[in-house]
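Heads up: the sequence shown runs through residues 213 to 387, numbered per the numbering used here.
Rather than coming from a laboratory, the hints here were simulated on the basis of the structure. Take these hints with a grain of salt, some might be off.
Calculated pairs, EDC-like style, for lysine to aspartate or glutamate (alpha carbon to alpha carbon, straight line, at most 20 Å) [stated by the list, open to error]:
1) Lys-263 x Glu-217
2) Lys-340 x Glu-316
3) Lys-343 x Asp-322
4) Lys-268 x Glu-377
Computed Cβ-Cβ distance ranges for the label pairs, DEER-style [said to hold, decoys possible]:
5) Glu-227 x Gly-349: 40 to 46 Å
6) Lys-268 x Gly-232: 28 to 34 Å
7) Gly-373 x Pro-298: 22 to 28 Å
Small disclaimer: the values here were computed from a predicted structure and weren't measured. From the three backbone atoms N, C-alpha and C, an ideal C-beta is built for every residue, glycine too.
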Amino acid sequence: MISKEHLIELLKENEVFLEGDFTLSSGKKSNYYINMKKAITEPEILSTISKLITEKIKDENIDKVAGPALGAVPIATAVSLESKLPLLMIRKEKKGYGTSKLIEGELNPDDNVIVVEDVSTTGGSLLKAIKAIQENGGKVVRAFVVVDRQEGAIEAFEKEGITLEPLITVNEFFD
Numbered sequence: 213m214i215s216k217e218h219l220i221e222l223l224k225e226n227e228v229f230l231e232g233d234f235t236l237s238s239g240k241k242s243n244y245y246i247n248m249k250k251a252i253t254e255p256e257i258l259s260t261i262s263k264l265i266t267e268k269i270k271d272e273n274i275d276k277v278a279g280p281a282l283g284a285v286p287i288a289t290a291v292s293l294e295s296k297l298p299l300l301m302i303r304k305e306k307k308g309y310g311t312s313k314l315i316e317g318e319l320n321p322d323d324n325v326i327v328v329e330d331v332s333t334t335g336g337s338l339l340k341a342i343k344a345i346q347e348n349g350g351k352v353v354r355a356f357v358v359v360d361r362q363e364g365a366i367e368a369f370e371k372e373g374i375t376l377e378p379l380i381t382v383n384e385f386f387d
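Could you put together the complete structure from these sequences and hints?
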């Protein structure tokens with residue numbers, strides 16, 4: 213059965229939550245770390261995540277699924293395969309060679325896009341990816357994160373007029 217509870221069980225079984233002293237991508241210090249890179253390399257976890265997100269969007273008019281590099285690309289790819297929606301990958305910055313694109317994949321004007329992320333703390337990296345999509349003509353209609361650390365990301369998204377939908381929150385994991 214694919215459910216939030218099943219996802220939590222899988223994350224616990226795979227020891228995705230670590231305790232100790234960590235510095236997060238936001239620069240904040242934390243006494244725990246969510247090792248989603250470990251999680252998203254496990255096929256059963258990735259499949260569960262993709263099915264949960266696909267179920268949430270199945271009745272909507274979505275054109276593309278996007279994920280910022282690096283952690284969200286496997287998630288976006290899995291959702292793309294499950295939902296049969298084309299994939300967009302958002303680079304952190306433009307490369308100085310090749311096509312020099314910030315967005316890999318075909319984004320058409322007014323495409324309805326969902327974005328996915330592995331973990332959110334403040335939401336900064338995902339908001340940056342969303343702005344890249346918007347600046348290139350796409351409409352971000354929903355945003356999903358596998359685990360929200362409950363440290364301001366949801367509120368930051370609300371200020372931008374976007375709802376960030378966590379599959380699970382840290383509190384749910386520790387309950």
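Hints, verified against the model:
1. Lys-263 x Glu-217: holds (13 Å)
2. Lys-340 x Glu-316: holds (15 Å)
3. Lys-343 x Asp-322: Holds, at roughly 14 Å.
4. Lys-268 x Glu-377: Judged against 20 Å, a Cα distance of about 10 Å means the pair holds.
5. Glu-227 x Gly-349: 40 to 46 Å: Because 42 Å falls inside the window, the suggested range holds.
6. Lys-268 x Gly-232: 28 to 34 Å: holds (33 Å)
7. Gly-373 x Pro-298: 22 to 28 Å: holds (25 Å)
When held up to the earlier numbered hints, the structure conflicts with none and fits them all.
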